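Colleague: Please build the complete structure, drawing on both the sequences and the hints.
Sequences listed follow chains E and S, in order.
Oh and the first sequence: position 168 is 167 in numbering that gives the first Met the number 0, straight run, nothing missing.
Oh and the second sequence: position 187 is 186 in numbering that gives the first Met the number 0, straight run, nothing missing.
Careful, some of the hints might be misleading.
Listed next, the in silico DSS-like pairs over lysine-lysine satisfying Cα-Cα at most 27 Å (straight line) [as the list claims (entries may be wrong)]:
#1 E/100 / E/136
#2 E/158 / S/316
#3 S/316 / S/233
#4 S/3 / E/19
#5 S/184 / E/19
#6 E/137 / E/19
#7 S/18 / E/19
#8 E/158 / S/347
#9 S/41 / E/158
#10 E/136 / E/170
#11 S/184 / S/274
#12 E/19 / S/274
#13 S/202 / S/184
Because the hints were derived from the structure by calculation, they are not lab data.
Please read all numbers here as calculations on a predicted model, not as lab measurements.
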Amino acid sequence: MTHNIIISGFGGQGILFASKQLAKSAMHEDLHVSWLPSYGPEMRGGACNCSVIISDEEIGSPLIPHPDILIVFNLPSFDKFESQVSAGGLLIVDSTLVNKKSERDDINVSYIPATGLAADNKLDGLANVIVLGHLLKKTGMFDYDSFLSFMVSSIPPAKAALIEKNTLALKIGYDYEG
Amino acid sequence: MSNKVLMKGNEALAEAAIKSGCIHFFGYPITPQTEVAEYLAKRLPKVGGLCLQAESEIAAINMVMGAAATGTRVMTSSSSPGISLKSEGISYIAGCDLPCVIVNVQRGGPGLGGIQPSQADYNQATKANAHGDMHVIVLAPSSVQEMATLASEAFDLADIYRVPAMILADGALGQMMEPVDFDAKESRELPEKNWVTNGHGGKRKKNIVNSLFMDPAALEASVIERFQRYEVIKENEVKYEEYMTEDADIVLVAYGITSRICKSAVIAARAAGIKVGLLRPITLWPYPSKALGKLADTAKHFLVVELNMGQMVDDVKLAVECRRPVSFFGRTGGMLPTPDDVVEEIKKIAGGIA
Chain E
0 MTHNIIISGF GGQGILFASK QLAKSAMHED LHVSWLPSYG PEMRGGACNC
50 SVIISDEEIG SPLIPHPDIL IVFNLPSFDK FESQVSAGGL LIVDSTLVNK
100 KSERDDINVS YIPATGLAAD NKLDGLANVI VLGHLLKKTG MFDYDSFLSF
150 MVSSIPPAKA ALIEKNTLAL KIGYDYEG
Chain S
0 MSNKVLMKGN EALAEAAIKS GCIHFFGYPI TPQTEVAEYL AKRLPKVGGL
50 CLQAESEIAA INMVMGAAAT GTRVMTSSSS PGISLKSEGI SYIAGCDLPC
100 VIVNVQRGGP GLGGIQPSQA DYNQATKANA HGDMHVIVLA PSSVQEMATL
150 ASEAFDLADI YRVPAMILAD GALGQMMEPV DFDAKESREL PEKNWVTNGH
200 GGKRKKNIVN SLFMDPAALE ASVIERFQRY EVIKENEVKY EEYMTEDADI
250 VLVAYGITSR ICKSAVIAAR AAGIKVGLLR PITLWPYPSK ALGKLADTAK
300 HFLVVELNMG QMVDDVKLAV ECRRPVSFFG RTGGMLPTPD DVVEEIKKIA
350 GGIA
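Modeller: Following this line, the structure appears as structure tokens:
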């Protein structure tokens, strides 16, 4: 079992946070995991992507030329990575921000208006967690409750108010029927 | 669930330094190693240590020399252009027989270059860190776990042999996160530091730390004594990993992040029916020449893969004494090859052998 996951969007959308939650959950299940961010001179607003490999075998190259799971939060990411998804793979698109449909018929595509759902539910900035919920539903890669507990455990006590919001965001994504 | 934590390579290295008893860090910021200093700035004061951002790399390496002379464990870290600036100080530290750890999280060069991962400082690290007859021990981690384990090992090696030890990493290893277990490193027996200049109130004979010898015979003797230690290091401290080399016709030679890419390529090439293996040097100095020489008895071709224009090729040629052809494949400037790129090169060579 190996998941090659790329999450991509703008800096500030919580790309790194979301990918870190996947990596942490995998580690807690004693799986091998690598987390490789793109890094550059720009931060907020610049292009940002992260490659996460989760496997029950030792991980060789941490680079992902062909993701089997791709999550995109903006159009440039869609244009850059959509063609690279391996056949049979899964593409999740934040359809609030990406007004484009995949024309590939050899991959599964899921459109979720995550940024819109976040705004509607006063969860600004949590589109990333909504998409994580949706990813759990689509793949079953982690148990929902243990994933949630690991995620909220990384929220510092000073920001306890975020626990409720993150919990709600994960549920909205999980329950979304697109 | 083990004792593992998920950390960036730079952070894991910094935490391992603290766990190894390093209480002094002197550095100057540069991408992609800044997390090392950032982490130590937060943590060192809490363990009674000092993390200081110097006015320059040159100042930092000379502070390292001073701290090392007192016998405390001390580290500096930088990335490629910054290491060049430290060059003079590294030579002085080697000439004074002082232990310390120097970290190079390499980026593309020459010049200011770029900030993406590179291995273009291989020759500098292994052959020409600085002026004079000298070496530093060079360790090349290939995972976040090894960023930690080898950082600890570097402190031990530096203390045991009274030489500077370098961690030669790259931007990808520094920035990526993987699980790391800080208990993985076995402790080694360390000699007493009876040479330190730490103040003694006139109670013992004074120690002198110095690299200046006006008498050429005395200088020669000091260099020869140091090279005798280098011979012991070459005999006892070579580290490498062999992967599927037993029956390999083609042996890849790669270190650091590139060895990971090669491991994936070995698996893919084996699936395509080509007998490929990998030798991964973990110490770049001392170099695993004997292991490579032995592989030349059975392998038909060597392929060196690096993030540079082929700097390690000469070392492999010397190790196999030109008994087998040695090819090179690499990317440079911050570009990384994919496993598929390496497999293509393997197929070209396999076509020539068959």
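Colleague: Decide, hint by hint, whether the structure agrees.
Modeller: Hints and how they fare:
1. At most 27 Å may separate the alpha-carbon atoms for a hinted pair to count; residue 100 of chain E and residue 136 of chain E meet this at roughly 21 Å.
2. With a C-alpha separation of about 58 Å, the suggested pairing of residue 158 of chain E with residue 316 of chain S is violated against the 27 Å cut-off.
3. Restraint check: the Cα-Cα separation between residue 316 of chain S and residue 233 of chain S comes to about 18 Å, which is no more than 27 Å; the hinted pair holds.
4. Among the hinted pairs, residue 3 of chain S with residue 19 of chain E is consistent with the structure: their alpha-carbon atoms are about 15 Å apart, no more than 27 Å.
5. Restraint check for residue 184 of chain S and residue 19 of chain E: satisfied, since their Cα atoms lie roughly 26 Å apart, inside the 27 Å limit.
6. Distance check on the hinted pair: residue 137 of chain E and residue 19 of chain E sit about 19 Å apart at the alpha-carbon level, within 27 Å; holds.
7. With a C-alpha separation of about 25 Å, the suggested pairing of residue 18 of chain S with residue 19 of chain E holds against the 27 Å cut-off.
8. Proposed proximity of residue 158 of chain E and residue 347 of chain S is contradicted: the alpha carbons are some 56 Å apart, above 27 Å.
9. Restraint check: the Cα-Cα separation between residue 41 of chain S and residue 158 of chain E comes to about 21 Å, which is no more than 27 Å; the hinted pair holds.
10. With a CA separation close to 10 Å, the supplied pair residue 136 of chain E and residue 170 of chain E stays within the 27 Å bound.
11. A hinted pair counts as satisfied when its Cα atoms are at most 27 Å apart, and residue 184 of chain S with residue 274 of chain S does not qualify at roughly 33 Å.
12. Distance restraint check for residue 19 of chain E and residue 274 of chain S: the Cα-Cα separation of roughly 37 Å exceeds the 27 Å cut-off, and the hinted pair is therefore not satisfied.
13. For the hint linking residue 202 of chain S to residue 184 of chain S, the alpha-carbon distance of about 37 Å lies beyond 27 Å, and the restraint is violated.
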